[in-house]
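**Q** Whenever a hint applies, use it, and build me the whole structure from the sequences.
Chains as they are written, first to last, in the numbering used here: chain A, 4 to 206; chain B, 19 to 288.
Read the hints as simulated data drawn from the structure, not as lab findings. Each residue gets a CB set at the ideal place from its N, CA and C atoms; glycine is no exception. Nothing false has been slipped in among the hints.
Some chain B residues flagged as far from chain A (calculated, every beta-carbon gap over 12 Å): (1) 68; (2) 70; (3) 79; (4) 98; (5) 104; (6) 108; (7) 115; (8) 140; (9) 143; (10) 149; (11) 167; (12) 184; (13) 240; (14) 270; (15) 275.
The list that follows gives simulated cross-link-like pairs (lysine-lysine, DSBU-like), each with its CA atoms no further than 35 Å apart: (16) 25/A - 81/A; (17) 28/A - 55/B; (18) 133/A - 69/B; (19) 204/A - 54/B; (20) 54/B - 254/B; (21) 204/A - 55/B; (22) 55/B - 81/A; (23) 28/A - 54/B; (24) 72/B - 88/B; (25) 75/A - 25/A; (26) 189/B - 91/B; (27) 133/A - 54/B; (28) 54/B - 25/A; (29) 133/A - 55/B; (30) 126/B - 105/B.
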Amino acid sequence: MAMLSGLIPLVVGLINRKYFTKGEKALLYLFAISPLFDLTGFILKKNGISNMLVFHIYTIIEFILISVFYSKVISNPKITLYIITIVVLFLGVAGFDLLNKLTLMDDFSTTTESIIVMLYAIFGYSLLLKNPIQSKVFAIPLFWFHTAFLLYFAGNLFVFIFSSYLQQHYKQNLFQEIWGIHSVMSMILYLLIATGFWKTKTR
Amino acid sequence: MENENALAIDTLILIGSLGMLILAFSIILFVVLYQKKILAQQNTIQAAENKHQKEMLNATLEVAEIEREKIAKNIHDDIGTILNVIKLNFSKMSRNPDDKMLSEQLIKESMSMLDDSIQNIRGIAKDLMPPTLIKLGFEKGISELFRQINTSGAIEISHEFNFADTRLPAKTELQLYRIMQEVINNIVKHSQAQQVNISARSDISGVHINISHNGNGLSSEMIELIPEAQRGIGLKSIQSRVQLINASIQYYTLGPGQAGIAIEVPFHDL
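**A** And the structure:
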């Protein structure tokens, strides 16, 4: 179900792509490759092969494309420089995770990514509040993108932090529960991003 | 042990849900703050617009007052004085009914003064409502005005018109005429120009007028920097008339001795 809902932003994005800014195009690329990674992960899992490598690679690509999106949205050379620095540092962290914890999920890069993207979204909100661009906030695509990222990555952060806590303290494997919550968060993300893509037409 | 685990999971889910709830409330708070800011912004724009409208209205009323004052002065100084002299002439004649020579002289003098008064009244009427403009339209009316200005020698105006046959609405013609009058008046008064070139044409989109001169001018950006209260009555009057016919006006400077004004009157708003 979550996998299928991943197609919604892609379809809406492709329909409205002529109205997209450069940043929104980066998001469209992200949601174009996202179903491919989901499918690969699903096939690997079905065949009893660990899909953690796919998960790690996707996290890196996801973070880079979201960073590109925010650097275009903020459109300030100084902030772009900060974002590039953050991406480089993140690549270091993600590279370390990729080499050392290939089969584990409680990696540092997912947590780092979630915190940074949440900060991006909060900064995005503050920019919207500083320079209101439209009288109706729900008509602004950026509002939907910030909301999508804030909710999704906050949910992710909670899921990953506490699942690793439970695993450490109670040695309990909660993969099923985690993926259940993660799927719900993903569906919310896809729907909110699709709404943002839809709103680009009437902005 | 299992019970403890279940309790821990429940607590964690509770904490997570609470966190998400706080997040949801933060988003709602953002929406409320955003709408408040938009409302405040709209109120500020509305207040500025109201202030501008009020200033424009004041300028219009001030211009009307100045016009009335001018007419009253003309009537009082020229016509009133002449009629008083004619009245005196008549009373002089009535006191000396037998002095034919004096009567003839006084009648001749009075006739000449009456001719002057008629000329003066015509002038005032022309000022109030130019007959050429009313009868023959903007092109002829404004050409007549330029001819008069050229005759006065205050400045040299050359013009090139390319208008379609259809006439503009009477209100637009009159306002456009007044705008041109005020613009020329400002050029004569402030720019130290000797030569003014005017080109005007109309097409399907509207009327396009360009007035260039070899004097000192201001650009629209420079005018924007002048506080509204410090702008001259002429400038305000032009602005209010421009708004009245939904036209736009652009002041520009191209260098020393090269300045001008471009006026656009769109047809769809007429």
